[in-house]
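Enquirer: If you read the protein sequences in the order shown, they are chains A and B.
Going by this note's numbering, the residue at position 60 of the first sequence is 61; the numbering climbs one at a time, nothing skipped.
Going by this note's numbering, the residue at position 99 of the second sequence is 255; the numbering climbs one at a time, nothing skipped.
Honestly, the hints are just simulated from the structure, not real lab data.
Because the structure is a prediction, the values reported are computed rather than measured.
Any given hint could turn out to be false.
Reference listing, derived: stretches of chain B covered by chain A, where coverage requires no fewer than 3 residues with Cβ under 8 Å from a Cβ of chain A [to be verified]: (1) 199 to 213; (2) 258 to 266.
Calculated cross-link-like contacts (lysine-lysine; reagent style DSSO-like; alpha-carbon spacing at most 30 Å) [to be verified]: (3) K207(B) / K226(B); (4) K255(B) / K12(A); (5) K54(A) / K255(B); (6) K255(B) / K58(A); (7) K192(B) / K255(B); (8) K54(A) / K12(A); (9) K58(A) / K226(B); (10) K255(B) / K207(B); (11) K12(A) / K58(A); (12) K226(B) / K255(B); (13) K71(A) / K12(A); (14) K207(B) / K192(B); (15) K192(B) / K12(A); (16) K58(A) / K192(B); (17) K54(A) / K71(A); (18) K207(B) / K58(A); (19) K71(A) / K58(A); (20) K226(B) / K192(B); (21) K71(A) / K255(B).
For each residue, glycine too, the CB sits at the ideal point set by N, CA and C.
The chain contents come next:
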Amino acid sequence: DAGITQSPRHKVTETGTPVTLRCHQTENHRYMYWYRQDPGHGLRLIHYSYGVKDTDKGEVSDGYSVSRSKTEDFLLTLESATSSQTSVYFCAISDRLAGGLSYEQYFGPGTRLTVT
Amino acid sequence: GQQLNQSPQSMFIQEGEDVSMNCTSSSIFNTWLWYKQDPGEGPVLLIALYKAGELTSNGRLTAQFGITRKDSFLNISASIPSDVGIYFCAGRNTGTASKLTFGTGTRLQVTL
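Taking the hints into account, I'd like the entire structure generated from these sequences.
Expert: Below you can see the structure in the form of structure tokens.
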């Protein structure tokens with residue numbers, strides 16, 4: 002298994018409070034991603050990073066911010082949580098394979114966030 | 157944002173049966189991937205396809221990259237109870253920082 006951990010694994014918070022989710026990798030991979038998973042929508046990309054301090058928006062980035070100050074850590078912040086952000090959040094990592102052109106994403110175990 | 161259409165949405169089959177599912181897109185992809193997700197866990201990569209027409213196997217799983225580059229198929233032979241889970245397809249294009257577009261998933265349930 003790829004060395005990816007997410008913390009916390011479960012969190013319940015109230016509407017309007019800030020929340021930060023952490024993704025930590027031990028693979029030294031260049032790319033890191035945050036997805037949310039909701040019934041009927043599959044996995045949707047929130048933000049991604051292609052290096053330290055280099056981040057960009059995905060398709061559902063409104064209400065979320067990210068930071069990457071070290072290769073191994075990618076933080077997802079909900080500045081003011083809303084009930085629509087209740088979801089399961091997955092972190093993924095990838096990198097260019099040695100000698101090849103392919104990038105493959107490997108996923109962490111997920112964080113279940115409930116906003117009441 | 158774009159999502160890939162997977163069918164069927166769910167399947168209920170008996171142990172030992174073969175399973176087929178597919179994934180279609182309105183646009184082309186250079187790479188197709190198939191993931192499996194068990195309850196309470198993250199998706200796990202099963203098969204990666206890099207060339208149109210390519211047929212790749214991983215044990216009892218066989219996947220194909222459609223010749224039009226707009227679809228992909230996954231077959232599971234002789235299903236067993238541990239095949240239960242949700243199967244996702246994903247498409248990727250070169251130079252997109254490895255960003256993936258995911259399908260909506262096929263839920264597979266296997267009975268003894």
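Enquirer: I'd like to know which numbered hints this structure contradicts. Please list them from smallest to largest.
Expert: Violated hints: none at all, because every hint is consistent with the structure.
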